[in-house]
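Novice: Position chain V relative to chain H; hints supplied.
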Amino acid sequence: MSVPAAQMWTVAAYVLRQKLRGRRRYPLVLMLEPLFRCNLACAGCGKIQYPAQILRKQLSVEQCLRAVEECGAPIVSIPGGEPLMYPEIGRLVEELVRRGKYVYLCTNAIQLREKLEAGLFTPSRHLSFSVHLDGRRAEHDESVCREGVYDQAVEGIREALRRGFRVTTNTTLFEGASPLRMREFFDEMMDLGVEGMMLSPGYSYSKAPDQEHFLRKTRTNDLFARMLSKPKRRWRFNQSPLFLRFLMGKHDYECTPWGNPTFNLFGWQRPCYLLQEGYAESFQDLMETTRWERYGRKSGNAKCRDCMVHCGFEATAVNETFGSWRGFVETVGVTLTGRF
Amino acid sequence: MTEPETTLEGWTPEPGPDLPLERIIDLAFDYRGDTTVVLTDGTELPGYVFNRNADAGEPFIQMFDADGAGPRAIPYSRIRTIRFTGRDPAAGNSYALWRRRKETGGAGRDERGRGQG
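Taken in sequence, the protein lines are chains H and V.
If you count by our numbering, then the first sequence holds residues 1 to 340, one letter each, in order.
If you count by our numbering, then the second sequence holds residues 1 to 117, one letter each, in order.
Just so you know, the hints here were simulated from the structure itself, not pulled from any lab data.
Values in this document were obtained by computation on a predicted structure and should not be read as measured data.
You can take every hint at face value.
The calculated label-pair distances, taken between Cβ atoms and stated as ranges, are: (1) P13(V) with E88(H): 34 to 44 Å; (2) R78(V) with R305(H): 35 to 45 Å; (3) V329(H) with R78(V): 54 to 64 Å; (4) T12(V) with N39(H): 34 to 44 Å.
With the Cβ distance kept under 10 Å, some of the chain H side facing chain V (calculated, not the full set): (5) Y50; (6) R56; (7) F266; (8) E277; (9) Y279; (10) T289.
Dumping the calculated EDC-like pairs for lysine to aspartate or glutamate here, alpha-carbon to alpha-carbon at most 20 Å: (11) K47(H) with D88(V); (12) K232(H) with E184(H); (13) K298(H) with D252(H); (14) K303(H) with E293(H); (15) K57(H) with D88(V); (16) K303(H) with E277(H); (17) K303(H) with E175(H); (18) K57(H) with D65(V); (19) K232(H) with E195(H); (20) K232(H) with E188(H); (21) K232(H) with D191(H); (22) K303(H) with D252(H); (23) K217(H) with E254(H); (24) K19(H) with E70(H); (25) K230(H) with D191(H); (26) K303(H) with D26(V); (27) K250(H) with E330(H); (28) K47(H) with D30(V); (29) K230(H) with E330(H); (30) K303(H) with D30(V); (31) K232(H) with E330(H); (32) K57(H) with E281(H); (33) K47(H) with D26(V); (34) K57(H) with D67(V).
The C-beta atom is built at its ideal place from N, Cα and C for all residues, glycine as well.
Same shape as in the complex, but just chain H (with noise of 0.2 Å):
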């Protein structure tokens, strides 16, 4: 585990006060699309394609801050559309440093450098650019479906590191994915000094224009369990050890739609992150008026089967720990072990 500990701190006692109120439903983290543009069309991504109009648009930051208050989550996750392309990105992330929010910048890292360079950044414990990389470069660079990403990325990562910025990676596995070149990518990362590494396998997306490589539920448990058996001790991993467990097979948990709430241009997404089945004017009208029984595995949609994605699971087994003396206990063994 590499999540630090002032950051699991609050986590920790956000979701402990959550519990003390007896909330039922609270979000873990917010993804907040400021805009849909990107400077790359990945296979596996459903979430450009629209008009030119809809692609000009973007958030304003008050829009963005309003939404950061009215969820109140204490983590921020900036994906879109690529983050670093919204002019605005430097006073947003500024001003949810200053709120004390944790903000995951979710960048394919193309422009980092460049930006970094323009001073448009403060290295913070409460900033980390989760770089998008998908494998080492001949995974990486056919799963954006551009070469050279992989290496303006690594590029990117470097000057970050060289100028104290955390730095953590967020991987999506699709069919295919081989287990001893992944574990060859985990020791790539680690030796660029990464802080940490986030993994998750793809959702179907019905937009997306690959829909031949997504991952099913059992293939994912094995392309897991291979992954991460044995794993070395240099690995750290930037999410719950408990999540992981749940892709090897080993956990059997329902979604959180909930936990990972989306509020881009269109409002509040209905209901997660990945499913876009209408908006809520307000964080508050999403929570209580989704029908949230229509989703998740127990509610047979469809839409849901075989989805295993952090966005849904991550806040199960965050509340899994935080919930349980088991799921504490667990956690705690293989943070200190290292063994999944």
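Specialist: Showing chain V alone in chain H's frame:
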């Protein structure tokens, strides 16, 4: 094998007993291109339908105009039909095209749309 591509681009549905307006609205909401909302008074509103709420007391859609202005809300009761007039950016086998180009040695800079306006 990739399934044959299907898109609603160019479709001009007429609501009827076999095709209720609510179904057309659902399809328009799911469509990633611009549409033209035809109102009961004959007014035509081109733009992007990004939301629909059939559970509201008065069901409505929300859309941005073709120039990005909005959003505006329109009750179902004012809609006669919706035409699928804009290009469908989610259609297409860009991944397959990219793979084919790569396999034939033409890989390199990706010339597909990148989601930039």
